[in-house]
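Engineer: Please arrange chain L on chain E, whose structure you already have, making use of the hints.
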Amino acid sequence: MPANTIGLTFVDWLIIAIYFIFVIGIGFYLKKFTKNENDFFLAGRRNSAWVAGLAFLSANLGALELMGMTGNTFKYGMYVAHFYWIGAIPAMLFLGIYMMPFYYSSKIKSVPGYLKLRFDEKTRVLNGFAFAIMTLLVSGINLYAMALVLHTFLGWNWDISMWMAAVTVAVYVTLSGLLSAIFTEIIQFFLIWFGLFLVSILGIVEIGSINQIFARIPETFNHLWSNSADPSANGMMISWGGIVLGLGFVLSFGYWTTDFLVVQRTFSAKDLRTARMTPILASFFKMMVPFIVILAGLIAIVLANDPNSGFNLLKDGGQINYDSALPLLIARYYPTGLIGLGVTALLAGFMAGQAGNISAFNTVWTYDIYKSVLNKNASDTHLMWMGRVATIAGVAISLVTAYWAKNFPSIMDYMQAIFSWVNAPLFATMLLGMFVVWITPNGAFWGLIAGIGSSFTLYLAVKFSWFNQSIITMSATSSDMAANFWRAWWAWLICFAVTIIVSLFTKKKSKDELVGLVKGLTEETATKNISVYKKPEFYAIISLIVLIILNLIYW
Amino acid sequence: MKPIWYFVGLILTIMGGIILLSGLYNLIQPSVSKVVLSEKHPDIWWGALMVIVGIIYIIRNRKITIQ
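Residue numbers (the working numbering), protein chains in the order written: chain E, 326 to 880; chain L, 813 to 879.
By construction, these hints were calculated from the structure, which means they are not laboratory data.
Any given hint might turn out to be false.
Stated by the list, open to error - Result set (DSBU-like, lysine-lysine): computed pairs, CA atoms no more than 35 Å apart in a straight line:
| # | chain 1 | residue 1 | chain 2 | residue 2 |
| --- | --- | --- | --- | --- |
| 1 | E | Lys731 | E | Lys360 |
| 2 | E | Lys357 | L | Lys814 |
| 3 | L | Lys846 | E | Lys731 |
| 4 | L | Lys846 | E | Lys640 |
| 5 | E | Lys595 | L | Lys846 |
| 6 | L | Lys875 | E | Lys357 |
| 7 | L | Lys852 | E | Lys432 |
| 8 | E | Lys859 | L | Lys852 |
| 9 | L | Lys814 | E | Lys860 |
| 10 | E | Lys595 | E | Lys731 |
| 11 | E | Lys860 | E | Lys836 |
| 12 | E | Lys701 | E | Lys788 |
| 13 | E | Lys859 | E | Lys432 |
| 14 | L | Lys814 | E | Lys595 |
| 15 | E | Lys696 | E | Lys834 |
| 16 | L | Lys814 | E | Lys356 |
| 17 | E | Lys356 | L | Lys875 |
| 18 | L | Lys875 | E | Lys860 |
| 19 | L | Lys814 | E | Lys360 |
| 20 | L | Lys875 | E | Lys360 |
| 21 | E | Lys731 | E | Lys432 |
| 22 | E | Lys595 | E | Lys844 |
| 23 | E | Lys696 | E | Lys595 |
| 24 | E | Lys432 | L | Lys846 |
| 25 | E | Lys860 | E | Lys844 |
| 26 | E | Lys859 | L | Lys875 |
| 27 | E | Lys859 | E | Lys360 |
| 28 | E | Lys859 | E | Lys447 |
| 29 | E | Lys640 | E | Lys701 |
| 30 | L | Lys814 | E | Lys696 |
| 31 | E | Lys860 | E | Lys832 |
| 32 | E | Lys640 | E | Lys360 |
| 33 | L | Lys852 | E | Lys640 |
Same shape as in the complex, but just chain E (with noise of 0.2 Å):
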């Protein structure tokens, strides 16, 4: 049992234990409203943009955004905001003004299904097992993170832990799929803001005030742009360049505006204009989450630095546990009952990434991968049945990822990588998919093969020695976090590059077959006759206006 167990209480168990029962009541009682594919894979189609937009930020609210967010503020300082921010808001008001058009008016069920309407098979399927094959790499990743908590407060053994929340999931998404993954996002998100929030009111408190703790880091750590010009002169180690290139414009679009574990909130959306709204609303509290995971980070910088506070971050075999910096500070500001809260916020937090991973998973593999290759002629009835299945098998393969994942020392750097391999190549497809006519569906394999075979082939050369990873952030000095940002700019530049020259010597589509998919090619119907003040163009202009003034704040 390791030295920094917490005793939890009677209290603090049966918070827990409420939170469990609560989210396989919830997959129970939305069976019997789960009568066909259409509810099990898109949770009916009949959301607001509140319920969508609260599920498409709690999708992404798993073990990255708690523990791993706050361990790398701890490891690189304020920097880590800009994956809130620049490297979010601007993808997610790209999402809902431009893209949702093209995706929720076709009615597909999944990002590749846009593929196979817009390119064709090969390049569906193609997107799909990478697609796949990500998902249960990161949903390993949420169960590790998972099991990480639960020994870390209660001491319990590493199997156990693992096996116990990716049973939870399995149950409720196989009962429910989609409708009850949703749900249980909504109840995860109000956990962890309850549950997180008051660690950085409570810090503040200790502290003195938020400008106390600015006046406490270390100068290289508390701006967001201002030193930003010398890689040396950042916790990041990393240039404008590479924030704006790398993270703001390739992977944060790439995440934001492809991903199918996000995306497919939005396709539950009642209707076009509402599933426009989702990803702007979402933006709104997108821009709130550091105010509990980067303060926190902040606050246990400030306290590590001090020698009377007696606070100071795991160590596994000699290596600092930056992830241990939440739980923490959990540990250290939360009495009876409230700690209860605090596991439990963060049992939900992974809980929700978990859930979303594993109800992608299932959808994409359903259709993109059973119906589109295997069996062509499956029946709704048997389609339903298939998704079940894929849960329950992608729980079982995100449990062999998670002993893996395992021996990585941070989260979050595994967690880029991967995204740089598939999400950041998938971007220019799209991109050019629904910006430009004469893309060609050889073109848009091509480039996506080339995409993600060099993007792999960097992370090895680098992993390997094969050569310097100077050549790829061209800078002597950078962090593994830089070599992402940047790796994913190259992945997505030859993917760009490689579809446009292979589409101008190949055969393309006829402009009757892409209406609908494309710009040009579709009519802007959706909010032309609605007050200024309904539609999403006007949510994304505040949104966009609330980013620049907090840049500005943190500059």
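Structural biologist: Only chain L this time, still in chain E's reference frame:
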């Protein structure tokens, strides 16, 4: 079915109520092992806040049924 907001209200009220009661008990019978800032009694006011928010959600959605 009941809207999701009803379930949000339920869980916030139940959990908040337990935390509030636990905080009141800690006030009467202070624990030997104290956490930092325990003198501020965050369990009492945070639990109360959760109960208030939870009850608002329950009241606003108790009669609503969605198809």
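Engineer: Indicate, hint by hint, whether the structure satisfies it.
Structural biologist: How the hints compare with the structure:
1. A distance of roughly 39 Å separates the Cα atoms of E:Lys731 and E:Lys360; the hinted pair therefore is violated under the 35 Å criterion.
2. Pair hint E:Lys357 plus L:Lys814 holds up; C-alpha atoms about 13 Å apart against a cutoff of 35 Å.
3. Only pairs whose Cα atoms come within 35 Å are accepted, and L:Lys846 paired with E:Lys731 is accepted, the gap being roughly 33 Å.
4. Taken as a hint, the L:Lys846 and E:Lys640 pair is honoured in the structure, with Cα atoms around 24 Å apart against an allowance of 35 Å.
5. This hinted pair does not check out: E:Lys595 and L:Lys846 have alpha carbons roughly 50 Å apart, beyond 35 Å.
6. Between the alpha carbons of L:Lys875 and E:Lys357 the distance comes to roughly 20 Å, so the proposed pair stays at or under 35 Å and holds.
7. In summary, the hint linking L:Lys852 to E:Lys432 is not supported, as the alpha carbons are separated by about 53 Å, beyond the 35 Å threshold.
8. Taking the CA atoms of E:Lys859 and L:Lys852, the gap is near 44 Å; set against the 35 Å cutoff, the hint is violated.
9. At most 35 Å may separate the alpha-carbon atoms for a hinted pair to count; L:Lys814 and E:Lys860 meet this at roughly 29 Å.
10. As the CA atoms of E:Lys595 and E:Lys731 are separated by approximately 40 Å, the hinted pair breaks the 35 Å bound.
11. Of the pairs offered as hints, the one joining E:Lys860 and E:Lys836 holds, with about 29 Å between alpha carbons and a cut-off of 35 Å not exceeded.
12. A hinted pair counts as satisfied when its Cα atoms are at most 35 Å apart, and E:Lys701 with E:Lys788 does not qualify at roughly 41 Å.
13. Straight-line distance between C-alpha atoms of E:Lys859 and E:Lys432 comes to about 23 Å, which keeps the hinted pair within the 35 Å bound.
14. Pair hint L:Lys814 plus E:Lys595 holds up; C-alpha atoms about 17 Å apart against a cutoff of 35 Å.
15. Proximity of E:Lys696 to E:Lys834 is assessed by CA-CA distance (about 24 Å); at most 35 Å being required, the pair is judged to hold.
16. Restraint check for L:Lys814 and E:Lys356: the C-alpha separation of about 13 Å stays at or below 35 Å, so the hint holds.
17. A hinted pair counts as satisfied when its Cα atoms are at most 35 Å apart, and E:Lys356 with L:Lys875 qualifies at roughly 21 Å.
18. A threshold of 35 Å between alpha carbons decides the hint, and for L:Lys875 with E:Lys860 the separation of about 30 Å falls inside it, so the pair holds.
19. Note on L:Lys814 and E:Lys360: the hinted pairing holds, with a Cα-Cα distance of about 16 Å set against a maximum of 35 Å.
20. A threshold of 35 Å between alpha carbons decides the hint, and for L:Lys875 with E:Lys360 the separation of about 24 Å falls inside it, so the pair holds.
21. Among the hinted pairs, E:Lys731 with E:Lys432 is inconsistent with the structure: their alpha-carbon atoms are about 39 Å apart, more than 35 Å.
22. Of the pairs offered as hints, the one joining E:Lys595 and E:Lys844 holds, with about 23 Å between alpha carbons and a cut-off of 35 Å not exceeded.
23. Proximity of E:Lys696 to E:Lys595 is assessed by CA-CA distance (about 25 Å); at most 35 Å being required, the pair is judged to hold.
24. Distance restraint check for E:Lys432 and L:Lys846: the Cα-Cα separation of roughly 56 Å exceeds the 35 Å cut-off, and the hinted pair is therefore not satisfied.
25. Between E:Lys860 and E:Lys844 the alpha-carbon distance is near 19 Å, which keeps this suggested pair within the 35 Å criterion.
26. Annotation: proposed proximity of E:Lys859 to L:Lys875 holds, straight-line Cα distance about 27 Å (limit 35 Å).
27. A threshold of 35 Å between alpha carbons decides the hint, and for E:Lys859 with E:Lys360 the separation of about 33 Å falls inside it, so the pair holds.
28. For the suggested pair E:Lys859 and E:Lys447, the alpha carbons sit about 40 Å apart, so the restraint of at most 35 Å is broken.
29. Between the alpha carbons of E:Lys640 and E:Lys701 the distance comes to roughly 52 Å, so the proposed pair goes past 35 Å and is violated.
30. For a cut-off of 35 Å, the pair hint linking L:Lys814 to E:Lys696 stands: about 33 Å separates their Cα positions.
31. Using a Cα cut-off of 35 Å, the hinted pair E:Lys860 and E:Lys832 is violated, with the two alpha carbons roughly 38 Å apart.
32. Between the alpha carbons of E:Lys640 and E:Lys360 the distance comes to roughly 50 Å, so the proposed pair goes past 35 Å and is violated.
33. Simply put, L:Lys852 and E:Lys640 have alpha-carbon atoms about 31 Å apart, close enough for the 35 Å limit, and the pair holds.
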